[in-house]
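Colleague: Going down the list, the sequences are from chains G and U. Each residue of the first sequence is one higher than the one before, counting from 4 in our numbering. Each residue of the second sequence is one higher than the one before, counting from 4 in our numbering.
No lab work stands behind these hints, which were simulated from the structure alone. On a predicted model such as this, the values are computed, not experimentally measured, just so you know. Warning: the hint list may mix true and false statements.
Because identical chains share one entry, a pair is satisfied inside a single copy or across any pair of copies.
What the hints assert, rightly or not - Capping the alpha-carbon separation at 27 Å, the derived lysine-lysine pairs in DSS-like fashion look like this:
hint: 1; residue 1: Lys417; residue 2: Lys390
hint: 2; residue 1: Lys484; residue 2: Lys449
hint: 3; residue 1: Lys198; residue 2: Lys256
hint: 4; residue 1: Lys324; residue 2: Lys233
hint: 5; residue 1: Lys417; residue 2: Lys484
hint: 6; residue 1: Lys417; residue 2: Lys316
hint: 7; residue 1: Lys316; residue 2: Lys135
hint: 8; residue 1: Lys256; residue 2: Lys585
hint: 9; residue 1: Lys324; residue 2: Lys295
hint: 10; residue 1: Lys135; residue 2: Lys324
hint: 11; residue 1: Lys575; residue 2: Lys233
hint: 12; residue 1: Lys487; residue 2: Lys575
Number of protein chains: 2
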Amino acid sequence: MILETIQSPQDLKALSHSDLHTLVDEAREALIQKISHHGGHSGPNLGVVEMTVALHRVFDSPTDKLIFDVSHQTYVHKMLTGRAYSFLDVSQYDAVSGYTNPCESEHDLFTVGHTSTSLSLANGVAKARDLKGETYNVIALIGDGSLSGGLAYEGLNNIVELGSNTIVIVNDNDQSIAENHGGIYQNLRALRQSKGRAPNNFFKAMGFEYHYLDNGNDLDALLSLFESLKDCDHPVLCHIHTLKGKGLDFAEKNRESYHAGGPFDRETGAYVTLGQPQETYQSLITQALMAKMAHDPEVVVVNAGTPSILFNKTQREQIGKQFVDVGIAEGHAATMVAGLAKNGVKPIWAVFSTFMQRSYDSISHDIALNNLPATILVFGASINGMKDQSHLGIFDIPFLASIPNLIYLAPTNKEETFAMLEWSCDQNDHPVAIRVPVGEVVETNKQTNFDICHPYDVIEGDTVMVIGVGNFYALAQAIVKGLKEDHKINATLVNPKVLSGVPLSYLNNISPSHQIVVTLEDGVCDGGYGQRVSSALGHTSIKVFNYGLSAAFHDRYDVNTLLEDHGLSVSKISAKILDELKGSH
Amino acid sequence: MILETIQSPQDLKALSHSDLHTLVDEAREALIQKISHHGGHSGPNLGVVEMTVALHRVFDSPTDKLIFDVSHQTYVHKMLTGRAYSFLDVSQYDAVSGYTNPCESEHDLFTVGHTSTSLSLANGVAKARDLKGETYNVIALIGDGSLSGGLAYEGLNNIVELGSNTIVIVNDNDQSIAENHGGIYQNLRALRQSKGRAPNNFFKAMGFEYHYLDNGNDLDALLSLFESLKDCDHPVLCHIHTLKGKGLDFAEKNRESYHAGGPFDRETGAYVTLGQPQETYQSLITQALMAKMAHDPEVVVVNAGTPSILFNKTQREQIGKQFVDVGIAEGHAATMVAGLAKNGVKPIWAVFSTFMQRSYDSISHDIALNNLPATILVFGASINGMKDQSHLGIFDIPFLASIPNLIYLAPTNKEETFAMLEWSCDQNDHPVAIRVPVGEVVETNKQTNFDICHPYDVIEGDTVMVIGVGNFYALAQAIVKGLKEDHKINATLVNPKVLSGVPLSYLNNISPSHQIVVTLEDGVCDGGYGQRVSSALGHTSIKVFNYGLSAAFHDRYDVNTLLEDHGLSVSKISAKILDELKGSH
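Input sequences plus hints: build the corresponding full structure.
Modeller: Quick look at the structure:
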């Protein structure tokens, strides 16, 4: 097997032409083996097997710099840079991350995971090269989907300005995660259909020397193109048409389903289901929003490039004009939502916590400064969200809860979630964000209303108060239960519900018997909710302990270990409380 | 005077053709009168007098929706929508804001101030119109400078996708605040030079019906163009070439100086100087960076569209390739800085606090996640920074200080500022942001070093501790001095220097005699530094009081009043401390 002999890209240089073709076949086979057993980003990787082999044959990484957008398409790159073992050896499948990672290899320049950054990164790398008087190639790969993000445009704009060697490769498989939307995609289509000769050319208009390759899965054509551009002294752009999912019939045909996912049957494509619960917060919200939109033509759901967060293709077709996918453009999503709300309809923006941070200014300056009644549904905001360091959903409380006017809500169960959603859509006073619970659906089966004038729920007790935010309310309940049952301490239990402010009047009047307040939040402590409670109680002699996560880029962690490391367990927190009570007597 | 008779845009409809021309002259004269006496955005407004009159003659605001980018060019719009008094009556000059403001008029849709948002806002407004089955024109104005921001591109992309009436007006005066940079500007130039007929056309490539008008200061041509496009049923884009500063010879010739500024002599253009101190933190940093770059060819200063924050045109020419202006593209600036640092040079990014929030994800995901040694110089981060609600510099501690890996420093004087800058440039372990002091330069004339291992400075005392962050260290000093001199209390004074973490080991071991800790920060309290101190001291019986600003979009405030409203005075804080000490005895 040739792939097993490849320890570094240098090993590709010596291969015969026919061995290179064999390597492509072996890499694709290894890829299919791993993704069908292990899951991962199928479509994006299957589409660039030839391109990746050609890049490493022609260019000289790590002297030449390869920079990947999102870097979810780097599985073959990893195979060719000393990490084939993690694709060939089942026991090593988890040994490498799903994204580039400088800790793994000198051939991975950056830790990446969000979209549209590769061109700006390349622009910096190339500028540094020029300042140092060095000469080598800087190559940035970006998918057509990532071109919907404004940062990609800013990158193109500045690469042309720099004017020196930067080779931009647009990997156009005519598909984002789902289908593409927007004017740029009409142009990409026209360019594909005309084999790069359409009269209007976005890339030429931006100032690029433009090269089109129609068969982007033809190794020889790729080699020849890259050879012709290597060491050029100015920016060039290669628009390369590839086939997403190439090599798996069902993945080629159903490009959305096989963008990424869990293990599947490599013959039929059927995903291996792990007996997941049928009902999730997401599925419940999907149903509720579809009913809501059917009932009210002025409700509109906005999403930025991850439509399957709520609606599959069939559902999107059914919804029609009341669903908008703006591309991977969170800034636009938020600012558009401001425009929608201003002009009197009811926008609901569905977004993952990790991607929402790409729109901080749009949320603050457009939605919040204008105090417009929009609803933001924040998904994956939890230690139980995505666990890659580039996709964490644990920073949203600090960054959202300090934005004026915006009300950030943390429901703790199904009934609260929907009560808050209803309330948000019915009011016209403020933008509202709802931190959608993560994990198993908690049902109370109680009639539940929400009103910002009566935000928090309290089960009164004494001595100790446990404040459980959102997903961690269950932990607070368990602690209070344990204190009562095992230690006869009748602790107060608080569900604060609103994160963008603490219930000051309540905290100022809590029973003086309270000696200890514990706050629990499913996110980082620094700048978070608990610290606001500490501040509010600063004038009292009550001791306050804030529990949550440390502000760090935790990576591919085991949830239980991370919780344990942060003392986030019933036993540890209860022990701490008992210890403090003992000390104070 | 015709202008005085205009109470609403409806009044323009009845004017004769010659009266309309007179109105243009009167509006320009009123503009020159006010800006020469009062200051403001001269160039942008002088360039669009004819365009604004034409827009209000042809379209029917507020039924038709006019949406302005940044909205710094809306002075004539304000004159024509019932607010002429604020340009004609000297005593009313401050009665309207320098930006659109829905509180002032129904003709102002949004509060705006940041760049590149108008197209996305318009896209939302138009989508809402379509959902409601209404028909009217949605018109978005955007300057050429604002086209450097990726959000503008996202807006264009989605306006084409929506496909219904949206009239985009690109006001091209061939100038951002300073000169433009990037590939898009080569295209704009080619389009201007060819009168819109250049073979490569960015806007056509994006899918727009494109109209070019070369003399954008010709009222009749503008009227005719707008008439022809009114009520169109699809997106159109008008590329209109205007003259920035039109009507003032010196402003036409020196477009950077007269973009915005204070009062000037309308004959000579000489700015009225108010006897400002020669030396500012900015001027000191300018000198230091120029010396640093001359000494080290691998130091590079990056800026996003506000180069005069540090360097005027002559200085930029002198610096050459070691200064990069990426356009109004803060996201790109931050991500490019990551690329620069990764490839071994020393990037220093100079940015205003208010605009830095446009790059939250790039700072977190590209610079901080990759833990790259870049330096961010944060300007205007203070209650004494810009005072418009859309330009506040008071939110940066909450949003920056929770980003892992990044070290956020708050110097309190000149010597610390430069010690921190030196330290940051010399280290390779972390990204560092420095909150450049705002206000009069404080000099200690003491040899000062900075080292992250010995971050904070303490003057030990007892009973009371006052922690003064950055600009508010002086306030802390004054409080401590007053307590000593007037009340014989020997308070501890702390300069924490590092905002991205509290000195835990120090706080855990402070003298048990301390009963009260007061924190002072020049920014919002929620999510800020003081709350971290409250949290860290939560396990003690020490009382902690956090002083700073409330999380609100304070607007055109008087600094002293706002300080007073937040209890931020020596007398109020000292009284609070004394009161608490009394209470505890």
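Colleague: Any hints from earlier that this structure breaks? Give me their numbers in increasing order, please.
Modeller: 8, 11
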